[in-house]
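K.L.:
Protein chains in written order, with full-length UniProt numbering: chain A, 1 to 81; chain B, 1 to 81; chain C, 1 to 81; chain D, 1 to 81; chain E, 1 to 81; chain F, 1 to 81.
Treat each hint with caution, since some may be false.
Straight-line Cα separation of at most 30 Å, DSBU-like style, residue types lysine-lysine; simulated pairs [said to hold, decoys possible]:
1. LYS42/D x LYS42/E
2. LYS30/C x LYS42/B
3. LYS42/F x LYS30/F
4. LYS30/E x LYS42/E
5. LYS30/E x LYS42/A
6. LYS42/D x LYS30/E
7. LYS30/F x LYS30/D
8. LYS42/A x LYS42/C
9. LYS42/B x LYS30/F
10. LYS42/F x LYS42/D
11. LYS30/B x LYS42/C
12. LYS42/B x LYS42/F
13. LYS30/D x LYS42/F
14. LYS30/D x LYS42/E
15. LYS30/C x LYS42/A
16. LYS30/A x LYS42/C
17. LYS42/A x LYS42/E
18. LYS30/B x LYS30/C
19. LYS30/B x LYS42/F
20. LYS42/B x LYS30/B
21. LYS42/D x LYS30/D
22. LYS30/E x LYS30/A
23. LYS42/E x LYS30/A
24. LYS42/B x LYS42/C
25. LYS42/A x LYS30/A
26. LYS30/C x LYS42/C
27. LYS30/F x LYS42/D
Hints were generated in silico from the structure; no laboratory data involved.
The structure presented is a predicted model; accordingly, all values stated were derived computationally and were not measured.
Each chain, written out:
6 protein chains.
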Amino acid sequence: MPYVNIKVTREGTAPGATSTTPGQKAALIKGVSDLLFEVLGKPHDSTFVVIDEVEMESWGVGGVTVPEYRRRSAGGGEAAV
Amino acid sequence: MPYVNIKVTREGTAPGATSTTPGQKAALIKGVSDLLFEVLGKPHDSTFVVIDEVEMESWGVGGVTVPEYRRRSAGGGEAAV
Amino acid sequence: MPYVNIKVTREGTAPGATSTTPGQKAALIKGVSDLLFEVLGKPHDSTFVVIDEVEMESWGVGGVTVPEYRRRSAGGGEAAV
Amino acid sequence: MPYVNIKVTREGTAPGATSTTPGQKAALIKGVSDLLFEVLGKPHDSTFVVIDEVEMESWGVGGVTVPEYRRRSAGGGEAAV
Amino acid sequence: MPYVNIKVTREGTAPGATSTTPGQKAALIKGVSDLLFEVLGKPHDSTFVVIDEVEMESWGVGGVTVPEYRRRSAGGGEAAV
Amino acid sequence: MPYVNIKVTREGTAPGATSTTPGQKAALIKGVSDLLFEVLGKPHDSTFVVIDEVEMESWGVGGVTVPEYRRRSAGGGEAAV
Numbered sequence: 001m002p003y004v005n006i007k008v009t010r011e012g013t014a015p016g017a018t019s020t021t022p023g024q025k026a027a028l029i030k031g032v033s034d035l036l037f038e039v040l041g042k043p044h045d046s047t048f049v050v051i052d053e054v055e056m057e058s059w060g061v062g063g064v065t066v067p068e069y070r071r072r073s074a075g076g077g078e079a080a081v
Numbered sequence: 001m002p003y004v005n006i007k008v009t010r011e012g013t014a015p016g017a018t019s020t021t022p023g024q025k026a027a028l029i030k031g032v033s034d035l036l037f038e039v040l041g042k043p044h045d046s047t048f049v050v051i052d053e054v055e056m057e058s059w060g061v062g063g064v065t066v067p068e069y070r071r072r073s074a075g076g077g078e079a080a081v
Numbered sequence: 001m002p003y004v005n006i007k008v009t010r011e012g013t014a015p016g017a018t019s020t021t022p023g024q025k026a027a028l029i030k031g032v033s034d035l036l037f038e039v040l041g042k043p044h045d046s047t048f049v050v051i052d053e054v055e056m057e058s059w060g061v062g063g064v065t066v067p068e069y070r071r072r073s074a075g076g077g078e079a080a081v
Numbered sequence: 001m002p003y004v005n006i007k008v009t010r011e012g013t014a015p016g017a018t019s020t021t022p023g024q025k026a027a028l029i030k031g032v033s034d035l036l037f038e039v040l041g042k043p044h045d046s047t048f049v050v051i052d053e054v055e056m057e058s059w060g061v062g063g064v065t066v067p068e069y070r071r072r073s074a075g076g077g078e079a080a081v
Numbered sequence: 001m002p003y004v005n006i007k008v009t010r011e012g013t014a015p016g017a018t019s020t021t022p023g024q025k026a027a028l029i030k031g032v033s034d035l036l037f038e039v040l041g042k043p044h045d046s047t048f049v050v051i052d053e054v055e056m057e058s059w060g061v062g063g064v065t066v067p068e069y070r071r072r073s074a075g076g077g078e079a080a081v
Numbered sequence: 001m002p003y004v005n006i007k008v009t010r011e012g013t014a015p016g017a018t019s020t021t022p023g024q025k026a027a028l029i030k031g032v033s034d035l036l037f038e039v040l041g042k043p044h045d046s047t048f049v050v051i052d053e054v055e056m057e058s059w060g061v062g063g064v065t066v067p068e069y070r071r072r073s074a075g076g077g078e079a080a081v
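With the sequences and hints as input, model every part of the structure.
P.N.:
Set out below in structure tokens:
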């Protein structure tokens with residue numbers, strides 16, 4: 001009966017995408033459900049997974065929004081944060 | 001001072017609707033607030049209710065997305081999951 | 001497939017209780033599940049309910065903790081907040 | 001490593017705005033991150049802040065939706081709830 | 001910068017355990033972090049995972065608490081829900 | 001009517017403390033409520049704040065639990081993560 005909530009910034013990480021793709025969501029759902037079965041023996045049918053995509057300007061880290069954080073980090077290899 | 005968060009898939013369950021209707025949201029808010037008053041004596045004014053509608057492809061159960069889960073269950077009477 | 005999270009302060013509202021009783025929890029779970037079936041047609045088996053009890057000093061309202069808020073409201077009839 | 005989730009109704013509080021503005025979001029993120037550093041010594045880089053805006057008809061208080069609550073309170077000075 | 005919250009019932013699934021073990025928690029954290037890197041390219045350092053264990057009588061499914069649900073399901077192979 | 005949830009690891013950051021102290025909780029509640037008033041004009045009475053303390057072994061970052069993460073970072077100045 002696990003409940004898993006995954007929050008990510010809404011942005012494309014696949015070519016041409018501007019948000020998480022249906023295939024990526026399906027992969028996250030399968031991966032998390034498999035993990036809970038493997039580690040805790042939870043049956044797949046009893047695991048709920050909810051994926052929330054959050055606008056980048058609504059997500060903060062380092063005291064600033066994600067876009068601002070990345071601008072400051074540019075050149076420092078942190079663009080994928 | 002209760003806080004209640006209700007998450008449901010975004011889909012229509014009333015005729016012609018493609019999402020939870022304003023009337024259904026109002027009924028959920030009233031029902032939950034009444035319940036907390038009846039069971040725990042919490043005054044209505046001190047109960048917050050937040051309803052989140054989640055895209056069906058962002059909700060997983062059985063290791064797959066809800067649409068895929070329903071396709072597999074078709075004929076098995078689980079369409080309302 | 002609804003998921004409902006109910007957060008309340010940890011305190012007794014039944015005689016002699018210092019927290020939500022098992023009977024009150026069962027009543028909340030039944031009430032919420034019934035509500036989702038009545039309003040949205042969601043089958044009981046597909047509704048998860050999670051109740052969190054939060055220490056009173058970890059819950060804030062009015063800019064202060066709940067115990068402090070109640071002290072200030074004493075005499076004002078807001079003790080049940 | 002704090003994680004802070006701020007939920008507000010989606011509405012404009014700045015002139016001409018119909019939702020929380022980017023500047024307001026940035027101010028919330030900075031303010032919360034500063035607070036966690038000042039009170040608990042948490043480094044800014046380790047604090048995540050996620051802001052959710054919730055449609056007003058999906059938020060309930062007093063047993064009714066926010067718009068209905070405000071209509072009832074009109075004249076009572078509670079419009080800013 | 002993903003944030004993942006995993007909620008499970010507090011109970012032992014390893015021999016002799018009465019709750020999720022430290023090793024199981026570590027496996028969940030590693031598995032989820034690996035998954036977010038593989039599917040979305042998220043660096044491990046930017047993924048937060050929070051595991052909540054919920055008392056069984058505070059978790060509801062089928063309109064009843066988990067212990068009651070399992071009693072009713074006994075013999076039906078649903079004990080692992 | 002904002003709702004703010006603050007999650008931090010359960011640990012002492014004040015001398016002799018092993019968890020967030022009542023004074024620190026009160027400071028967080030006041031600070032967040034003040035912030036929402038200043039930025040969005042939300043009245044203090046309509047802001048709820050809930051603070052959750054999470055066991056360190058239940059919080060993951062970098063693919064490992066917080067204690068393990070700090071052991072690896074020791075000497076690198078990241079102990080306050």
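K.L.:
Now tell me, hint by hint, if it's right for this structure.
P.N.:
Status of each hint after checking the structure:
1. For the proposed pair LYS42/D and LYS42/E, the alpha carbon gap of about 23 Å is at most 30 Å, so the pair holds.
2. Taking the CA atoms of LYS30/C and LYS42/B, the gap is near 17 Å; set against the 30 Å cutoff, the hint holds.
3. Distance restraint check for LYS42/F and LYS30/F: the Cα-Cα separation of roughly 13 Å lies within the 30 Å cut-off, and the hinted pair is therefore satisfied.
4. Straight-line distance between C-alpha atoms of LYS30/E and LYS42/E comes to about 13 Å, which keeps the hinted pair within the 30 Å bound.
5. About 17 Å separates the Cα atoms of LYS30/E and LYS42/A, which keeps this hinted pair within 30 Å; it holds.
6. For the hint linking LYS42/D to LYS30/E, the alpha-carbon distance of about 24 Å falls within 30 Å, and the restraint holds.
7. Annotation: proposed proximity of LYS30/F to LYS30/D holds, straight-line Cα distance about 16 Å (limit 30 Å).
8. A hinted pair counts as satisfied when its Cα atoms are at most 30 Å apart, and LYS42/A with LYS42/C qualifies at roughly 23 Å.
9. The straight-line distance between the Cα atoms of LYS42/B and LYS30/F is roughly 24 Å, inside the 30 Å bound, and the hint therefore holds.
10. With a C-alpha separation of about 26 Å, the suggested pairing of LYS42/F with LYS42/D holds against the 30 Å cut-off.
11. Distance restraint check for LYS30/B and LYS42/C: the Cα-Cα separation of roughly 17 Å lies within the 30 Å cut-off, and the hinted pair is therefore satisfied.
12. Our distance criterion of 30 Å between C-alpha atoms is met by LYS42/B and LYS42/F, whose separation comes to about 23 Å.
13. Under the criterion of a C-alpha separation no larger than 30 Å, the hint pairing LYS30/D with LYS42/F is consistent with the structure, at around 17 Å.
14. Simply put, LYS30/D and LYS42/E have alpha-carbon atoms about 24 Å apart, close enough for the 30 Å limit, and the pair holds.
15. Restraint check for LYS30/C and LYS42/A: the C-alpha separation of about 24 Å stays at or below 30 Å, so the hint holds.
16. Simply put, LYS30/A and LYS42/C have alpha-carbon atoms about 24 Å apart, close enough for the 30 Å limit, and the pair holds.
17. For the hint pairing LYS42/A with LYS42/E, the CA-to-CA distance comes to about 26 Å; that is within 30 Å, so the pair holds.
18. Pair hint LYS30/B plus LYS30/C holds up; C-alpha atoms about 16 Å apart against a cutoff of 30 Å.
19. Of the supplied pair hints, the one linking LYS30/B and LYS42/F holds, its CA atoms being roughly 24 Å apart against a limit of 30 Å.
20. Annotation: proposed proximity of LYS42/B to LYS30/B holds, straight-line Cα distance about 13 Å (limit 30 Å).
21. Of the supplied pair hints, the one linking LYS42/D and LYS30/D holds, its CA atoms being roughly 13 Å apart against a limit of 30 Å.
22. Pair hint LYS30/E plus LYS30/A holds up; C-alpha atoms about 16 Å apart against a cutoff of 30 Å.
23. For the suggested pair LYS42/E and LYS30/A, the alpha carbons sit about 17 Å apart, so the restraint of at most 30 Å is met.
24. A threshold of 30 Å between alpha carbons decides the hint, and for LYS42/B with LYS42/C the separation of about 26 Å falls inside it, so the pair holds.
25. Restraint check for LYS42/A and LYS30/A: satisfied, since their Cα atoms lie roughly 13 Å apart, inside the 30 Å limit.
26. The straight-line distance between the Cα atoms of LYS30/C and LYS42/C is roughly 13 Å, inside the 30 Å bound, and the hint therefore holds.
27. Between the alpha carbons of LYS30/F and LYS42/D the distance comes to roughly 17 Å, so the proposed pair stays at or under 30 Å and holds.
Consistency with the previously given hints is maintained throughout, with no hint failing.
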